[in-house]
Amino acid sequence: MTVVPSEGAAGSTTGEATFLRKRYESPSRRFARRLLSQKVATASGVILILVVLSAIFAPLLAPLDPNKTDLRNTLLPPGSADFLLGTDYLGRDVLSRLLFAGRVSLVAAVQAVSVGLILGVAPALVAGYVGRWWDWLLMRFTDALLAFPPLILAITVIGILGTGLTNAMIGVGIIFAPRFARITRSAVLSVREETFVEAAKSMGLSQPRIIWRHVLPHLLSPLVVTATVLAGMAMIIEAGLSFIGLGVQVPQASWGSMLSTAYRFIRVSPTLILWPGLAIMITVLSVNLLGDGIRDALGREVRDMSS
Amino acid sequence: MTVQDSATTALRVKELCVDVATPEGWATVVEDVSLAVDVGEIHGLVGESGSGKSLTAMAIMGLITHSQSARVTGGEVLLGDVDLLKLSNRDLRRHQGKDLAMVFQEPMTSLNPAFTVADQIGESIRYHLGASRKEARERSIELLEEVGIADARRRCNDYPHQFSGGMRQRVMLAVALACEPRLLIADEPTTALDVTVQAQMLELIRSLVERHGMAVIFITHDLGVIAEICDRTTVFYAGQVIESGLVGEVIKGPRHPYTEGLLRSVPADDDLPLWWIDGSPPLPGQVSSGCRFSPRCEYSKNECDTHAVPLRLSADGRAIRCALADDLSLNGRD
Amino acid sequence: MTQVLEVSEMSVSFPRRSGLLGKSQPLRVVENVSFEVGKGEVVALVGESGSGKSTIARAVLRLLPIDNGRITLADVDITTLSQRALRPHRRNAQLVFQDPYSSLDPSMTAIEIVEEPLRGFAMSREERLRSAQELLASVGLAGVEGRYPYEFSGGQRQRIAIARALAPRPALIICDEPVSALDLSTQNQIISLLDSLRQSLGVSYLFISHDLSVVRRIADRVLVMYAGEIVEEGPTERVFRDPVHPYTLALLSAVPAVVGDRSKHAKRIVLEGDLPVPGAPPPGCRFHTRCPFAMDVCRSEVPAWTEFDHGVSGRCHLHTSGSTLGFSGLTQFAEDAMASTDRDRGQTSI
Numbered sequence: 001m002t003v004v005p006s007e008g009a010a011g012s013t014t015g016e017a018t019f020l021r022k023r024y025e026s027p028s029r030r031f032a033r034r035l036l037s038q039k040v041a042t043a044s045g046v047i048l049i050l051v052v053l054s055a056i057f058a059p060l061l062a063p064l065d066p067n068k069t070d071l072r073n074t075l076l077p078p079g080s081a082d083f084l085l086g087t088d089y090l091g092r093d094v095l096s097r098l099l100f101a102g103r104v105s106l107v108a109a110v111q112a113v114s115v116g117l118i119l120g121v122a123p124a125l126v127a128g129y130v131g132r133w134w135d136w137l138l139m140r141f142t143d144a145l146l147a148f149p150p151l152i153l154a155i156t157v158i159g160i161l162g163t164g165l166t167n168a169m170i171g172v173g174i175i176f177a178p179r180f181a182r183i184t185r186s187a188v189l190s191v192r193e194e195t196f197v198e199a200a201k202s203m204g205l206s207q208p209r210i211i212w213r214h215v216l217p218h219l220l221s222p223l224v225v226t227a228t229v230l231a232g233m234a235m236i237i238e239a240g241l242s243f244i245g246l247g248v249q250v251p252q253a254s255w256g257s258m259l260s261t262a263y264r265f266i267r268v269s270p271t272l273i274l275w276p277g278l279a280i281m282i283t284v285l286s287v288n289l290l291g292d293g294i295r296d297a298l299g300r301e302v303r304d305m306s307s
Numbered sequence: 001m002t003v004q005d006s007a008t009t010a011l012r013v014k015e016l017c018v019d020v021a022t023p024e025g026w027a028t029v030v031e032d033v034s035l036a037v038d039v040g041e042i043h044g045l046v047g048e049s050g051s052g053k054s055l056t057a058m059a060i061m062g063l064i065t066h067s068q069s070a071r072v073t074g075g076e077v078l079l080g081d082v083d084l085l086k087l088s089n090r091d092l093r094r095h096q097g098k099d100l101a102m103v104f105q106e107p108m109t110s111l112n113p114a115f116t117v118a119d120q121i122g123e124s125i126r127y128h129l130g131a132s133r134k135e136a137r138e139r140s141i142e143l144l145e146e147v148g149i150a151d152a153r154r155r156c157n158d159y160p161h162q163f164s165g166g167m168r169q170r171v172m173l174a175v176a177l178a179c180e181p182r183l184l185i186a187d188e189p190t191t192a193l194d195v196t197v198q199a200q201m202l203e204l205i206r207s208l209v210e211r212h213g214m215a216v217i218f219i220t221h222d223l224g225v226i227a228e229i230c231d232r233t234t235v236f237y238a239g240q241v242i243e244s245g246l247v248g249e250v251i252k253g254p255r256h257p258y259t260e261g262l263l264r265s266v267p268a269d270d271d272l273p274l275w276w277i278d279g280s281p282p283l284p285g286q287v288s289s290g291c292r293f294s295p296r297c298e299y300s301k302n303e304c305d306t307h308a309v310p311l312r313l314s315a316d317g318r319a320i321r322c323a324l325a326d327d328l329s330l331n332g333r334d
Numbered sequence: 001m002t003q004v005l006e007v008s009e010m011s012v013s014f015p016r017r018s019g020l021l022g023k024s025q026p027l028r029v030v031e032n033v034s035f036e037v038g039k040g041e042v043v044a045l046v047g048e049s050g051s052g053k054s055t056i057a058r059a060v061l062r063l064l065p066i067d068n069g070r071i072t073l074a075d076v077d078i079t080t081l082s083q084r085a086l087r088p089h090r091r092n093a094q095l096v097f098q099d100p101y102s103s104l105d106p107s108m109t110a111i112e113i114v115e116e117p118l119r120g121f122a123m124s125r126e127e128r129l130r131s132a133q134e135l136l137a138s139v140g141l142a143g144v145e146g147r148y149p150y151e152f153s154g155g156q157r158q159r160i161a162i163a164r165a166l167a168p169r170p171a172l173i174i175c176d177e178p179v180s181a182l183d184l185s186t187q188n189q190i191i192s193l194l195d196s197l198r199q200s201l202g203v204s205y206l207f208i209s210h211d212l213s214v215v216r217r218i219a220d221r222v223l224v225m226y227a228g229e230i231v232e233e234g235p236t237e238r239v240f241r242d243p244v245h246p247y248t249l250a251l252l253s254a255v256p257a258v259v260g261d262r263s264k265h266a267k268r269i270v271l272e273g274d275l276p277v278p279g280a281p282p283p284g285c286r287f288h289t290r291c292p293f294a295m296d297v298c299r300s301e302v303p304a305w306t307e308f309d310h311g312v313s314g315r316c317h318l319h320t321s322g323s324t325l326g327f328s329g330l331t332q333f334a335e336d337a338m339a340s341t342d343r344d345r346g347q348t349s350i
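Residue numbers (this note's numbering), protein chains in the order written: chain A, 1 to 307; chain B, 1 to 334; chain C, 1 to 350.
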């Protein structure tokens with residue numbers, strides 16, 4: 001090829017080391033670097049990992065059997081001998097129950113979000129990209145689903161599938177699906193109008209390739225954020241379902257069910273309600289903050305505003 | 001900078017500094033910028049994108065005082081005797097839209113699609129001048145007529161999308177002129193327009209300045225526009241003022257190699273080969289300690305890279321930031 | 001093969017729905033346009049925004065449906081091919097867009113962007129990457145293959161876009177305002193790059209621009225569009241020297257000149273008003289509502305396409321209906337305007 005006017009490397013003033021790093025940094029490394037550079041997100045991630053680990057290793061960490069009743073030691077305050085966080089109305093150790101309940105609550109959140117993602121994203125991706133009557137149909141259907149109160153819908157699903165936490169969470173996942181669908185569709189609609197998608201079309205790329213390579217990566221960040229927000233919501237809905245007895249079954253505990261029983265003894269033992277409440281709050285908060293951090297780390301590059 | 005200690009100076013900017021946030025921290029992108037704009041004068045700020053001319057304008061307008069991505073780190077912006085940078089938000093708002101008005105590049109996005117143009121022109125008249133709804137409407141119609149919108153009485157009830165790009169920019173001018181501002185900042189107001197419409201707009205702006213006698217800061221990267229409409233010009237490079245003076249003098253006899261390069265880049269009618277300045281401007285935060293243009297300058301000598309070059313004032317009211325200015329004879333355009 | 005692209009009598013409409021239940025009323029934005037682009041030739045399409053230039057660019061690539069006409073790309077009639085059958089032919093014509101910020105996928109590196117159009121070819125991934133690297137080097141971007149678009153300046157991004165367009169070895173590149181978002185100095189670099197690529201690769205350009213000073217530098221031939229129609233056509237130098245259509249003259253005179261001396265400003269024709277609303281062109285000559293020379297005949301009769309002695313064609317009654325202000329009158333007017341200095345601003349509205 002011929003000699004062409006060179007613009008000179010814009011980064012000629014950049015050091016060789018940064019140059020090489022920039023040149024060879026893979027997308028996943030870049031994501032990790034940018035996520036770790038955010039203090040709040042990193043701290044939230046660490047907290048979340050601790051929560052998950054404590055749930056996984058609950059049998060090892062729990063000082064006592066979470067379901068063993070001890071009617072001589074009911075409603076003990078925190079700091080009592082052998083019971084660090086006290087006992088509940090049946091004399092069960094609150095700390096042990098809290099650790100085991102974490103397993104239930106976390107699994108519930110993951111189940112609900114996964115069901116929502118599977119049911120919501122794929123149809124919306126096609127609907128948003130193809131448009132026409134597909135789009136119309138999907139949107140009317142999601143509108144109908146969104147009009148349902150979440151708890152009522154979950155109760156309906158439990159009525160059909162039978163009680164049990166997994167069934168309840170499938171119900172919650174169905175409630176989440178339209179939210180994922182809406183986010184996906186609006187993101188697809190905006191990405192579809194981008195010039196680079198038109199460029200891909202004019203290059204003769206196939207539709208699946210365009211969706212996979214040029215549309216999907218740009219959905220990642222809104223979806224991750226939605227997923228984290230809904231994961232928090234799933235735990236709260238689970239708490240609500242357990243509260244009315246449709247979620248987890250006795251004597252098993254979830255944070256939600258602990259909250260509901262503690263509520264009855266709020267006058268006698270006010271700290272009892274604090275622990276599951278704190279657990280839910282800390283987990284939901286760190287999931288959300290981590291979600292924010294992931295969004296920023298995945299986010300499109302900020303355009304240079306100086307001009 | 002130009003010393004004009006008369007009452008005719010509408011705006012004086014002294015040693016303004018602005019930082020922007022980069023992934024590596026704050027970087028100075030406007031450094032020690034000083035300007036003076038007289039009443040009735042059109043002062044053109046010219047430079048490549050990223051040279052700091054728009055940020056300078058935004059700082060003057062008070063638009064970056066509370067931004068997370070940019071901050072003013074020093075200097076004064078004197079409108080009359082008032083230093084706008086020292087005002088509280090509340091006091092600043094009293095000036096914004098009244099004494100200070102701005103026209104942006106994008107005629108599509110700078111008007112609110114949900115309100116009629118009369119509402120948008122009348123808004124500041126009612127807010128700043130306390131006019132009644134009816135008075136504001138009448139004044140809006142006058143302003144629309146003044147900026148050359150035919151059938152203004154009927155069209156004032158239209159929404160922005162019912163106007164073409166050029167007409168929308170005229171509406172923007174009417175909004176800006178609503179409270180008879182002392183200073184109008186026009187940030188690339190014609191860049192997004194067709195040449196034919198640009199010609200209409202330039203003529204309109206010129207006549208409005210003659211009639212209202214306000215001071216205008218006109219930001220553009222097009223030297224043709226500068227030559228056509230401005231009285232005085234300040235050339236920006238990498239956040240610094242590198243040359244300023246009367247438009248005719250700067251174009252006929254540039255004293256900074258960058259200005260010469262910009263002039264040579266403008267296509268001429270003759271068949272000279274295309275000219276460009278090699279390389280690109282330094283990124284924010286990556287400027288060298290010496291002359292910032294030196295890496296791209298064909299006249300550069302060793303001394304240019306070692307010492308920072310001060311902006312020097314010459315006897316004829318020009319300002320130049322070039323260590324070699326006295327030894328170079330540069331070519332301009334007649 | 002001598003013609004890379006042949007378009008004959010093409011019209012394009014946009015669907016428009018009026019009211020909630022109203023019938024869809026098509027809005028014709030390009031009317032009966034014919035032109036061709038030869039091998040290695042640069043043809044410029046100029047006009048104001050809304051004149052239909054970009055619509056033509058997308059229509060000839062079949063990115064928009066056309067009402068009628070015929071499009072022949074590299075000797076293949078692509079007018080009626082299905083989108084699937086069209087895909088292998090798409091490589092023959094590539095697009096370079098105006099906005100170098102939105103035309104590159106921000107999630108891909110420079111080399112991935114240039115490699116992507118090579119996927120349809122029988123090449124290994126290694127070959128594709130090597131080829132992409134060579135292409136980037138050929139546009140002056142060696143050694144920065146792994147960077148993301150945001151790390152490049154506007155001019156460098158446009159170079160990436162050009163490399164991507166060159167990748168499938170197209171016969172034609174359609175450049176839609178490729179430099180109007182760039183600084184002047186960068187514009188000149190890109191124009192010069194495009195010109196040298198044409199000489200070395202023999203590729204043709206359909207060059208869409210509203211900036212005549214740019215067009216003059218690169219185009220062999222110019223087509224002037226007004227309100228969806230081609231109003232003038234001819235070799236660049238001749239059109240610039242002796243325009244046939246008053247609209248071309250107005251476009252030429254609207255470009256602000258860099259002159260130190262205000263009195264040397266050329267007298268200019270400032271067109272009043274705007275383009276007519278698309279789909280509802282005025283009767284007769286579409287330009288008569290803004291034309292400073294409009295006569296009665298212009299308001300009623302559509303001017304015929306006429307070829308003139310100096311190789312320029314156009315549609316304008318001034319030269320055909322025995323007006324005193326004929327072709328020579330038009331150029332005379334321009335010369336008078338240049339010479340006249342009765343107002344210091346040197347402008348006039350007529």
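What the hints contain is simulated information worked out from the structure, not anything from laboratory work.
Computed from a prediction, not measured in an experiment: that's the story for all the values here.
A couple of the hints might just be wrong.
Said to hold, decoys possible - Under 8 angstroms between C-beta atoms, here's a sample of chain C residues computed to sit facing chain A:
#, residue
1, R87
2, D99
3, S102
4, P117
Note that CB positions come from ideal geometry on N, CA and C, so glycine has one too.
List in ascending order the numbers of the hints, as given earlier, that are violated by the structure.
Going through the list in order, the structure violates no hint and respects every one.
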